Amino acid sequence: MTAANAPGLDASGGNARLLVLATLFLGVLLVLGFRLYQVQLLEHDKFSALATAEHRGTIPIVPRRGAILDTEGHPLAISVLYDSVFVVGSQVKDPQLVAQRLAPILEMPPEEIAAQIDPKSTIPVLVKARLPAAIAARVRALGLNGVFLEQAPSREYPEGSIAAQVLGFVGRDFHGLAGLELSLDDVLAGKQGAIESEWDTTGREISIARRVVSPAVEGTDVVLTLDRYVQRTAERILANAVLENKATGGVILVMNPRTGALLAMAHVPTYSLTDDEIYKPGHDDLYKPVWVTDQYEPGSVMKVITMAAGINEGVVTPRTTIEDKGYVVIDGVTIHNWDGRANGVIDMTQVLVHSANVGSQFVSGRLGKERFYHYLELFGFGQPTNVGLPGETPGLVRDYTAEGWTRLDLATNSYGQGVAVTPLQMLSAVAVLGNDGTLMKPMLVQETRGPGGQVFQPQAVRQVVSPETARTLRTMMVAVMNQPALEQDRVPGYVIAGKTGTADFATTSGYNTGKTYASVVALLPADEPRLAILVRLDAPEKIYGGIVAAPVLKQLVEELVTYYRIPPSADVHASAQTG
Amino acid sequence: MASVTQQAARLPARRIPFLPALSRAAAVWISALTLVFGLISLFYLLLTSSIATAGYDIQRLQAEQRDWELKNEQLQLELAKMQSLAWVEGRATQLGMRKPDRVVTVHVTLPPARNGGDDGR
Chain X
1 MTAANAPGLD ASGGNARLLV LATLFLGVLL VLGFRLYQVQ LLEHDKFSAL
51 ATAEHRGTIP IVPRRGAILD TEGHPLAISV LYDSVFVVGS QVKDPQLVAQ
101 RLAPILEMPP EEIAAQIDPK STIPVLVKAR LPAAIAARVR ALGLNGVFLE
151 QAPSREYPEG SIAAQVLGFV GRDFHGLAGL ELSLDDVLAG KQGAIESEWD
201 TTGREISIAR RVVSPAVEGT DVVLTLDRYV QRTAERILAN AVLENKATGG
251 VILVMNPRTG ALLAMAHVPT YSLTDDEIYK PGHDDLYKPV WVTDQYEPGS
301 VMKVITMAAG INEGVVTPRT TIEDKGYVVI DGVTIHNWDG RANGVIDMTQ
351 VLVHSANVGS QFVSGRLGKE RFYHYLELFG FGQPTNVGLP GETPGLVRDY
401 TAEGWTRLDL ATNSYGQGVA VTPLQMLSAV AVLGNDGTLM KPMLVQETRG
451 PGGQVFQPQA VRQVVSPETA RTLRTMMVAV MNQPALEQDR VPGYVIAGKT
501 GTADFATTSG YNTGKTYASV VALLPADEPR LAILVRLDAP EKIYGGIVAA
551 PVLKQLVEEL VTYYRIPPSA DVHASAQTG
Chain R
1 MASVTQQAAR LPARRIPFLP ALSRAAAVWI SALTLVFGLI SLFYLLLTSS
51 IATAGYDIQR LQAEQRDWEL KNEQLQLELA KMQSLAWVEG RATQLGMRKP
101 DRVVTVHVTL PPARNGGDDG R
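Residue numbers (this note's numbering), protein chains in the order written: chain X, 1 to 579; chain R, 1 to 121.
These aren't lab readings, by the way, just hints derived from the structure by calculation. Model, not experiment: these values are computed from the prediction. The beta-carbon is built from N, C-alpha and C at its ideal position, and this holds for glycine as well. Some clues are possibly wrong.
So the derived label-pair ranges between C-beta atoms look like this [stated by the list, open to error]:
(1) E150/X <-> W87/R: 28 to 34 Å
(2) I58/R <-> A152/X: 20 to 26 Å
(3) A460/X <-> M97/R: 40 to 46 Å
(4) K280/X <-> Y56/R: 44 to 50 Å
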């Protein structure tokens, strides 16, 4: 008996059903074939990557961020690994019990920990960061489900908040956001490496599958020229001075004039590096390295620069005299001395001693506009120092080629009005006189240690004035500091070359004569300077540099001569012995 | 017509060889090969097992190394903090020390150095 003869079966109907079935199978086969083609060929890379990602991955090797050290190698900023404790709420069986057990170890209220445990959450929540190793070990020993530790680096400042605006700080991604941490980020950060590995179906890593794809390059340590003692001393003295003088802020810079090495860079107000959250929105001005980002009119301190140019060009000598009537009329505008006093016939040394504007404009007039502005350029004004701090401004020198420049500008610029400089530019220029007339590039980094590390040598920028001129100016500046008005601010036994300055705050609508930058620059010892110092108080109650900045200089010098073992001047010593 | 079953029943009985008769040499070879494969399998098993164990040991030791490095870094930070000026000053103050009121510089004129130098005695 055949199927065709079977009862109930029609030959044509059976074939039709078979055809439908065959077509159906063929259709399904075609769809499956197309999908296979799609998956295996068209989207091969995508699915291959997905499959690989299921069991294979890359573990980053985070390099150690380089340390920032002071000139003696004392760490100012270092990176330290800490454990942080996280909790995954969905894996915690009894939140209250976990909180109770963690609380005494983490020294946190149990309620605070319990509040962070969301039983539905699969996302790790940070309970406490920066756990010391001993605490982390105690947490690990508890073996609590859903509680785990993860290591993360932290930036630490063993000396506290000194040199905050120089050092700067890092963000959550451990890259620099301010100061040297920002400008030297490439050097400090190092280079992240990678390990490729595989995981089994339970999510456990197959350690024999580990393969270093690219090794990490550790960050380079940076050795600064700053000295922690000098820095701390300068910051302490400045903070007290700002408070005592009811000033809004202030600056102290200490430099080795022979090398340009910066020994201290202090500024008030500053910020704390030891706070949990260093960056506070709305306080952006605090994070700037103001010694290079903010410019001001230096006032009478500039007279030593004008005088150095005049003496170097031979247009005046220390004995050149003028008749100082207390004022002078230029292009119909009357310029007065700062105190309005007529000093009579005075020589150039007396011009500096009395800080006579009349005398200073006399020198710039003799120099002429071309030579005067050429010297400002030689001394480094109007150009960045390239010290390596972020956001440096070149300052502002409007020379005779600028639109609107007049003869009056030549006069006012000679005593530090109408020119804007940064504190670092001003100190570098004065340091020229302490370095036999050579301008040095200010130096903040003396060495890098690590891969590609190098030792940086002092760099002479140019010879600005002759050594004779520099010596002459120092002698004239000694006379300034030895004047009776500054007698109380002398440091017994030490001969200091200096110049005070008082400059009104420049505003968009002229000068605010109620607020001044009261400053003093100094070179010591005057015969062979080892230190160049700038002290500036911003808007002090008593407005004059000689009154408020000179005492600060005295305090600082007393500390520094002891620290650096600078002996008293032989002449002073001899006179003290014979006297 | 005889059924298929009846036809099959009439066929003479025939011995179907289950295995060919083995020579003694072949039997030895097969046994030896089985033993070798067995040993290789065992060796492989032991090897993979020991590699896996070594892998876990490496992981454990690496974790231990990381812990020691972490402790070392934290101790270095402690050391740096205890050598900081603020800490030293604070401790000195606790011990009753204070800054000198004045510093006296003593100038000493040294005699000229003798030839030959110091012999260490």
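Verification of the hints:
no. : hint                         : in the structure
1   : E150/X <-> W87/R: 28 to 34 Å : holds (30 Å)
2   : I58/R <-> A152/X: 20 to 26 Å : holds (23 Å)
3   : A460/X <-> M97/R: 40 to 46 Å : holds (43 Å)
4   : K280/X <-> Y56/R: 44 to 50 Å : holds (47 Å)
In terms of the numbered hints stated before, the structure departs from none.
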